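As they're listed, the protein sequences go chains A and B.
Here the first sequence stands for residues 1 to 356, where the numbers follow this note's numbering.
Here the second sequence stands for residues 1 to 356, where the numbers follow this note's numbering.
Note that these hints are calculated values from the structure, not bench results.
There are no misleading hints in this set.
Sample of chain B residues at the chain A side, in silico, Cβ under 7 Å: (1) R156; (2) V160; (3) V161; (4) L162; (5) V165; (6) K173.
Just so you have them, the derived chain A footprint on chain B, three or more residues with Cβ under 8 Å: (7) 78-91; (8) 176-182.
Across the chosen pairs, the derived CB separations fall in these ranges: (9) L91/B with G157/A: 12 to 22 Å; (10) L91/B with E330/A: 43 to 53 Å; (11) A356/B with M169/A: 49 to 59 Å; (12) R250/B with E330/A: 51 to 61 Å.
Note that the structure is a prediction, hence the values are computed from the model and not measured.
Backbone N, C-alpha and C fix where the C-beta goes; we use that ideal spot for every residue, glycine too.
Number of protein chains: 2
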Amino acid sequence: MWEITENDLEPIAIGAGILGTGGGGNPYLGFLRARQAIRRVGRVMVIDPEEVADDHLLIVSGGMGSPVVSYEKLPQGDEEANAVRALERHLGHRFDAIAPFEMGGGNSMAPLVVSTVLDIPVVDGDGMGRAFPELQMITYLIYGGNHAPAALADERGNQVVLSEVTDAMWLEKIARAVTIEMGGHAGLAASPMDGAHCRRTIIPNTLRLAHRIGLAVLDARRTHQDPGEAIISVTGGRRYLRGKVVDLERRTTRGFARGHLVLEGTDDDADRTIRIEFQNENLVISEDGEPKVVVPDLITLVSTDRGEPLTTEVVRYGFRADVLTIPCSELLKTPEALEVVGPRAFGYDLDYSPLA
Amino acid sequence: MWEITENDLEPIAIGAGILGTGGGGNPYLGFLRARQAIRRVGRVMVIDPEEVADDHLLIVSGGMGSPVVSYEKLPQGDEEANAVRALERHLGHRFDAIAPFEMGGGNSMAPLVVSTVLDIPVVDGDGMGRAFPELQMITYLIYGGNHAPAALADERGNQVVLSEVTDAMWLEKIARAVTIEMGGHAGLAASPMDGAHCRRTIIPNTLRLAHRIGLAVLDARRTHQDPGEAIISVTGGRRYLRGKVVDLERRTTRGFARGHLVLEGTDDDADRTIRIEFQNENLVISEDGEPKVVVPDLITLVSTDRGEPLTTEVVRYGFRADVLTIPCSELLKTPEALEVVGPRAFGYDLDYSPLA
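Given only the sequences and the hints, what does the whole structure look like? Please build it.
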């Protein structure tokens, strides 16, 4: 058991933004919400996965919706907690702890807010070890969790319980339709499970990892070191390229930001050009017409000077960025997982080959 | 208490088709489903509204979705009953009887099917006394019924409970989005209420009325009388025009069939031309550029020769039809009701003036 206090929020937001690989929603708004929540109660209790008892009842919590919308429509604060409460009323029991959905900008903070509202701890880990665009892509569900019931809530007081769904794809489809109708953002409570399932399927200690990454970035800024190097030293990743955004195409369909970036190398990489395909998150790096790094491994852009995570929503022509790659969790590399989160699940005719 | 047996289904389907004013879904498929269901158990028990006890728990049941879809995607049979069951599980109690949603082609039959599956009676009446396109347009809700919870179910096994909605418009919006995601048709259970509320807000005895209309049509066919006249004699309506469809524009948006018909008079009406605006249901008759009959009064087309109700989906250029108008229930003429089902609710800049 450890505690997150106000000072931990900024590093966690930075680190989660980096692990978010371009997606996961607006990190700054998530940070503001969490700070407000934590100021009310002083701290968030965090338990490690190994502290979760077999018969604990856990619920996966986060925000559902388009990252595009999260830059335009501010979450009001209690949507996620209301979704959990709706599910508690439906099931007739309370949950003992919250399992985070994904590690991304906004969505790394949402479970912390829920924890303060419901006064139950957060488990240190998440269902992606990064961000992904769809609900069926969480390890809790990939490894046999409950597709139903799940609940959605908006800021007006509307609450919807998906009491039966035939599979994870239908969970995603119906929850997405309700979220869009609710205005493009909704609080989500999904995949209720016991402690044994949580321990078996959670990607562990990603909150702590995000915290360490963020501290390293803040320290590099303060000491005028290279923030990209600082991130690499903590994550075991590498810098694929240092460059400048020279082309960007982005279109939004059904709340998804799809498109590609082209970066031209600078400094030591001056003779190279790479292309990054994204669907909310960065998914494929190609160079010389060949795929070089593919999902589910992490591809993340940070500003060269400050190590600021650049989401696919905010990145612009001319930005100078380090393109970092980080190996994904082993839980995302199994055949079951690759079927749901591998390159083919996103429509790329590519096999996954792990980062060296 | 009375019973509906197999022989009653054809007249009820015809009568409900006529009361359906062009909407309410495919009457023939509804009839086939109900016949199959009734053959299994022999009869449907019907109770009059005055037989409903104050503390009876009732649920409104019907199909939600586009009448367009009901001509293409066959309801599988148990969607509506599964929606009721989902709501029973959510609430933790059983319902004592079913209150029909609307009197339209397919939707007049759905509650009969649910009754056979759940073995509870149907109340003789409905929430519209006709058909309307949207959920908030039922008298149960117009007069203060519960917007939530409500449930939707599809034929695959997906079930969604709207556990809280802020008002009837949000009930409609979210339920519509879920229905579209479920493939355009879903079983609906909504507006749970006690017997006192049901007796106060139901439009009574419309099943019996549909039955009488249908018997009159069948009798006219058998005895070579004028079926339009037979309908008028039972409903207190009038024949507005006998004519021929000479123009038809229909477009489908979000599952709604919107458009207009132009009919040229024949026989005694040979010098007249009328235009009918429809949005799933027929809503306004105009003649000489003036609105003559407007929603919520009933505007219904039947084939001149057989008195067959012509829905806005099946009517075609060249069809010969009687245009009948029937006064709506007094429950639809109050200021509260006209705000929801009057001409302005459908976007027409017109005041309601009741049929003479």
